[in-house]
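Taken in order, these protein sequences are the chains called Y and F. My numbering applies: residue 3 is where the first sequence begins, and numbers increase by one. My numbering applies: residue 3 is where the second sequence begins, and numbers increase by one.
Check each hint, because a few of them may be wrong.
Copies of the same chain are indistinguishable here, so a pair counts whether it falls within one copy or spans any two.
[Said to hold, decoys possible] Simulated crosslink set (BS3-like; lysine-lysine; CA at most 30 Å straight-line): (1) K123 with K307; (2) K220 with K249; (3) K220 with K47; (4) K307 with K211; (5) K117 with K179; (6) K249 with K117.
It is worth saying that the hints were derived from the structure and are not from the lab.
There are 2 protein chains.
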Amino acid sequence: MNVTTTAMNHQVRLAARPVGEPKAGDWQSTSEPVPAVPSGGVLVKVLALSLDPAMRGWMNEGKSYIPPVAIGEVMRAGGIGVVTASEHPSFAVGDTVTGTPGVQEWWAVAPEQMKRLGLAKIDLRLGTIGQWMNVLGMPGMTGYFGLMDVGQPKAGETLVVSGAAGAVGQTVGQLGKILGLRVVGIAGGADKCRFVVEELGYDACIDYKGGSVKDGLKQHCPNGVDIYFDNVGGEILDTVLTRINRKARIVICGAISQYNNTTPVQGPKNYLSLLVNRARMEGIVVFDNVDRYPQAIGEMAGYLKAGRMKSKEDVVEGGVAAFPDALPMLFSGRNFGKLVLSLEG
Amino acid sequence: MNVTTTAMNHQVRLAARPVGEPKAGDWQSTSEPVPAVPSGGVLVKVLALSLDPAMRGWMNEGKSYIPPVAIGEVMRAGGIGVVTASEHPSFAVGDTVTGTPGVQEWWAVAPEQMKRLGLAKIDLRLGTIGQWMNVLGMPGMTGYFGLMDVGQPKAGETLVVSGAAGAVGQTVGQLGKILGLRVVGIAGGADKCRFVVEELGYDACIDYKGGSVKDGLKQHCPNGVDIYFDNVGGEILDTVLTRINRKARIVICGAISQYNNTTPVQGPKNYLSLLVNRARMEGIVVFDNVDRYPQAIGEMAGYLKAGRMKSKEDVVEGGVAAFPDALPMLFSGRNFGKLVLSLEG
Chain Y
3 MNVTTTAMNH QVRLAARPVG EPKAGDWQST SEPVPAVPSG GVLVKVLALS
53 LDPAMRGWMN EGKSYIPPVA IGEVMRAGGI GVVTASEHPS FAVGDTVTGT
103 PGVQEWWAVA PEQMKRLGLA KIDLRLGTIG QWMNVLGMPG MTGYFGLMDV
153 GQPKAGETLV VSGAAGAVGQ TVGQLGKILG LRVVGIAGGA DKCRFVVEEL
203 GYDACIDYKG GSVKDGLKQH CPNGVDIYFD NVGGEILDTV LTRINRKARI
253 VICGAISQYN NTTPVQGPKN YLSLLVNRAR MEGIVVFDNV DRYPQAIGEM
303 AGYLKAGRMK SKEDVVEGGV AAFPDALPML FSGRNFGKLV LSLEG
Chain F
3 MNVTTTAMNH QVRLAARPVG EPKAGDWQST SEPVPAVPSG GVLVKVLALS
53 LDPAMRGWMN EGKSYIPPVA IGEVMRAGGI GVVTASEHPS FAVGDTVTGT
103 PGVQEWWAVA PEQMKRLGLA KIDLRLGTIG QWMNVLGMPG MTGYFGLMDV
153 GQPKAGETLV VSGAAGAVGQ TVGQLGKILG LRVVGIAGGA DKCRFVVEEL
203 GYDACIDYKG GSVKDGLKQH CPNGVDIYFD NVGGEILDTV LTRINRKARI
253 VICGAISQYN NTTPVQGPKN YLSLLVNRAR MEGIVVFDNV DRYPQAIGEM
303 AGYLKAGRMK SKEDVVEGGV AAFPDALPML FSGRNFGKLV LSLEG
């Protein structure tokens, strides 16, 4: 009698469209035998997954910048892994790769999927896997292109960043300092604010859980706000709108305060400040800049090596099974730094 | 016994800050002897005043792009008049001039006020007084620079204009047609919509009082909306936000639906469409472009002479006494074209 042990690929699939915050019942755990390497493709063992606020939007029905995750589909997620089998000339066994594996342990990528799912080799000499998930990864690229293209920063200006300790915020604020701006963060809690100022080098940080954002802006932005990089929306966006300067630029990167709403999104009631101040509010989607990632990654890796930039990740252990409990950390702000789910160990 | 008849200057002053729509009690009628010509200045007999939605904002307390009108002050208003006495070398008796006389019959302008109040000669060979109040005046300049600078129009794109029959809207839509865009108006009532299409040459007009704006946009903007020139705010802005294209530009020129609110302004709850579509919303204040008016006026006068552009004014008779009843016409949409208060006759 032969006993064969089949290695399994554990997955998390979307079971239902969440109403409000995603709950355990919105997910389904499945397992399948580890897939074979697709013809002409690669098989990747996933090492770490990126947990991002944008995931909440992908779970909703309706037109957006990317199709929604279908019910029953493996939840979409960015991640990093190692190639364990390859039939593609550009990838060798042992290569570390980034892309969009989804919430599963093994990722079989057919050649025709590679571009759409962003499969690309990464160079661990430029940064650690953690850094590649954060400052050198999608959050970092979002911050880089949002600040540079929409923010149009000029030395001496005042930049305000919400979600300042979060993944995108880290990059934006540190890049702002490197470019010679006055940088003021907004974050939740004294610990995060201390980190933002002491570790990331922001000029100041306003604890929105500990006091008035309006008073904080008055105190820390005596010359008004030239650029506001918004990750949160809601009341904080409205408050910053009252403090912007002429020709200010507001980068609309996200609105995490609104993603779990069961009521309509809270629109910025102070949007006419854009008129009074001849100011601009503009959205950014990072994927538009894929062709420009290499140059931006090179620049950021240089800052990391030179010690001019830091990258803080909050790594959750426990593999894909920990995903349903880990994702909501983002919406309550329980993560401290870029939230990563480790699939190792 | 000598009997002297003193000519009087009738005025309307702001008596109280309105709550909601301006009412009769918010105004005070005064009269003073016609002033003498100021030393080195000019005295102007006012012929016509411009009634504009922006006036409602000037009546509110608080920081804006221009200081509020003080209680007891003659209400601010743009207008056109004729010089009746001059001690200034640039102005001669009989010159037709534009500027900001306020709601009064006579305007004494000291030399140090001339720049701030925008005193300038106008050339009636370029257009009539009505046209100088409209397409060649502040509304026309607002439309011109808002569309050109923020809208960044390209032939073949789709432009949507709210307040399409109004002063600013007339210029925006007609200019859009001249530039080769598909132009769809939004206006209140079948008469205005007919005018917008038949007289101004828009491709289509959606009657927001007669049906669904959303359905109208679906029907008349089959390729989506590239530029939205917003004069109204509120629900219409939110509806257009659901139909914008990638890299769309939204020109925030005004929000007449919100100016008389006694509750907070309705913020655009669909503003995250800016993110999804990498789109931009930007405010415009016409006064920033004063140095560029002459070139724009020349261009518009050319279109008028060539019959490629029309200018429709709605002239209210009755002099300054008619001002309190005329201004609210704007907020209920009872005006049909640029609202002008005549002080002649």
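Here is what the structure says about each hint:
For the identical chains of this complex, K123 and K307 are intra-copy neighbours only, at 20 Å inside a copy versus 63 Å across copies, given an alpha-carbon limit of 30 Å. In this assembly of identical chains, the alpha carbons of K220 and K249 lie at most 30 Å apart only when taken from the same copy (19 Å versus 33 Å across copies). When the C-alpha separation of K220 and K47 is checked against a cutoff of 30 Å, the pair qualifies neither within a copy, at 50 Å, nor between copies, at 46 Å. When the C-alpha separation of K307 and K211 is checked against a cutoff of 30 Å, the pair qualifies neither within a copy, at 34 Å, nor between copies, at 62 Å.
In this assembly of identical chains, K117 and K179 lie within 30 Å of each other by CA distance neither inside one copy nor across copies; the values are 34 Å within and 41 Å between. In the homo-oligomer, the alpha carbons of K249 and K117 lie at most 30 Å apart only across protomers (23 Å), although the nearest pairing inside one protomer, at 38 Å, exceeds that limit.
Checked against the numbered hints above, the structure violates hints 3, 4, 5; every other hint is satisfied.
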